[in-house]
Amino acid sequence: MPRYAMMIDMERCVACQACTVACKSEWAVPLGGARTRVRPAGTVGDYPNFSSVAYVSQCNHCDRPSCIPACPTGATYQDSTGTVRVHRDLCIGCGSCLAACPYDARYIDATIGKVDKCDFCSDRAAKGLQPACVLTCPTKAKTFGDLEDSSGPLFKTVYYGGAKRVQSSDVEIGPNVYYQAGNAHFEMAAAAFAPHPPRTITANRVWGAVAQKLVFVAIGATFLGQAVAFFRQLAAGEHQFEE
Amino acid sequence: MSTISATPLPQTLTPEQAREMAQNQIKKHVVAVVLLHWFNAFVWLLELTTGAALIVSPSLRFMPSWYLIMMEQLFGSRANLLRFHIAVGLVWILVCLIYVTFGWRHFLHAEVLAKEVALDRDDFEWLKMRSLALLKKSAVPLPPQGAYNAGQKLYALMVYTCLPVIMVSGSIMSFHLFGTVAVQWAIVIHFLLVGTVVSGLMVHVYMGAVFPEERPAFYSMITGMVNELYAYRHHLKWWAEIKRQQQQWEESLKLETASPDAIGPASDGKPAPGVGSTSAYQACTADANEV
Numbered sequence: 046m047p048r049y050a051m052m053i054d055m056e057r058c059v060a061c062q063a064c065t066v067a068c069k070s071e072w073a074v075p076l077g078g079a080r081t082r083v084r085p086a087g088t089v090g091d092y093p094n095f096s097s098v099a100y101v102s103q104c105n106h107c108d109r110p111s112c113i114p115a116c117p118t119g120a121t122y123q124d125s126t127g128t129v130r131v132h133r134d135l136c137i138g139c140g141s142c143l144a145a146c147p148y149d150a151r152y153i154d155a156t157i158g159k160v161d162k163c164d165f166c167s168d169r170a171a172k173g174l175q176p177a178c179v180l181t182c183p184t185k186a187k188t189f190g191d192l193e194d195s196s197g198p199l200f201k202t203v204y205y206g207g208a209k210r211v212q213s214s215d216v217e218i219g220p221n222v223y224y225q226a227g228n229a230h231f232e233m234a235a236a237a238f239a240p241h242p243p244r245t246i247t248a249n250r251v252w253g254a255v256a257q258k259l260v261f262v263a264i265g266a267t268f269l270g271q272a273v274a275f276f277r278q279l280a281a282g283e284h285q286f287e288e
Numbered sequence: 007m008s009t010i011s012a013t014p015l016p017q018t019l020t021p022e023q024a025r026e027m028a029q030n031q032i033k034k035h036v037v038a039v040v041l042l043h044w045f046n047a048f049v050w051l052l053e054l055t056t057g058a059a060l061i062v063s064p065s066l067r068f069m070p071s072w073y074l075i076m077m078e079q080l081f082g083s084r085a086n087l088l089r090f091h092i093a094v095g096l097v098w099i100l101v102c103l104i105y106v107t108f109g110w111r112h113f114l115h116a117e118v119l120a121k122e123v124a125l126d127r128d129d130f131e132w133l134k135m136r137s138l139a140l141l142k143k144s145a146v147p148l149p150p151q152g153a154y155n156a157g158q159k160l161y162a163l164m165v166y167t168c169l170p171v172i173m174v175s176g177s178i179m180s181f182h183l184f185g186t187v188a189v190q191w192a193i194v195i196h197f198l199l200v201g202t203v204v205s206g207l208m209v210h211v212y213m214g215a216v217f218p219e220e221r222p223a224f225y226s227m228i229t230g231m232v233n234e235l236y237a238y239r240h241h242l243k244w245w246a247e248i249k250r251q252q253q254q255w256e257e258s259l260k261l262e263t264a265s266p267d268a269i270g271p272a273s274d275g276k277p278a279p280g281v282g283s284t285s286a287y288q289a290c291t292a293d294a295n296e297v
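The listed protein sequences correspond, in order, to chains A and B.
According to the working numbering, the first sequence is numbered sequentially starting from 46.
According to the working numbering, the second sequence is numbered sequentially starting from 7.
These are calculated hints, taken from the structure and not from any lab test.
Remember, predicted model here, so these are calculated numbers, not experimental data.
Careful: at least some of the hints might be erroneous.
To be verified - Which residues of chain B face chain A? A few of them, derived with a C-beta cut under 7 Å, are: (1) L66; (2) Q79; (3) S205.
Built from N, CA and C at the ideal position, the CB exists for glycine as well.
Build out the structure end to end from the sequences listed, making use of the hints.
Next up, the structure:
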């Protein structure tokens, strides 16, 4: 099976947002949401020898996603290509995964009340097509490919140097969007958009720590009480003239 | 009703009276209630078995993975399982709304609720004595009870409080209403209240289906009828009320038969407890239960 990944060349990116628009148009992403976008991080160098730094943010399809265990209904899952996807029929729009994602890659689609995010254009990949953002990029800053394919465009850079992952000492969950950039560029972007540790929403903490314990203690105690009563009843036996 | 509670509990019945009363059937539940009860039972069975398989987060799920897989495969996919859970829930809400709408005057107006759900002084006393009796610390006879005893009333209160909230929180999740925070808390509330009802439900099923003293109550949920002896022993205030209504009805019969065009002899004298014309008695109790 393939293991899909994305490579973004930061120094080629001119922050034109063509990928953002292509993605929105391809997947009918509503106003206020984005599966991918280009976020300016600042500039490197001094006038006149300086360049702007842009960070392309999207779902990282992590090796150990923090969003999957956070989802109560199992709507978020990792398919056999390693792509992290959202099953729309199962999503109830609770937003647990939004808090759990260290990269803020997810949004709530207000028109349907459910979560949406980049899925590496899975429907297009299944047909052998490149993702919309990759095809549309005028400077060819984005490369999509299979990490298992040793002759593919990503293999050499990812496994033999040159590819960088945006991680921190708190968050090391193996993102599969790699960046190619000089140290100054990369560090500026990585500092500006450093991943935050996954958060568990208060409701889920209360659910696990309080609600579940209360319910199981109540049901367990009732069960034990009834078991005692039932065995007493068995021991007593039945009589013809009970009344 | 309240005057009865002041009178001492009559303890002795002659064997003839007891035999007669055991034969005599009183209507306890109207058909609508019997049907709704078993519909409810069926819905809870379906919703609990499917709902338990819908919590799949590794940190929050409580069913083993073989169960989750079994239910998924049984319904084709987890999405179908969720659709089924929601569909059954919506039908349940609809049926309950119909019951509330049409039953408002009969089952759910203040006078009936005050009698059948609200706890009076006897009920609190009953709870105390029953708990002590369970712990084998009391052999005092229990205070007289209405159509439902204090335990049943407590269960009804809990169910009446929880059901609307379960329905609303389920709808919030199903239709993603009021934003993410509402959905987040709806899950927790849904889980907590279903758990609360289930712990009560276990007692309800045990008392109804297994506990020997309440067996007539179980059959009454099928036939709608209980025998008079059971009513006398377990629901004295309700029995007295039925008797009072029977008496009234017979008084009115007497007036009718006193008129010249009436056919048949007039009955005179009040019947002893449990002794009376069975058909007339049943007609009377049927009326009484339509409140």
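* Which of the numbered hints above does this structure break? -> Result: hint 2 breaks, nothing else.
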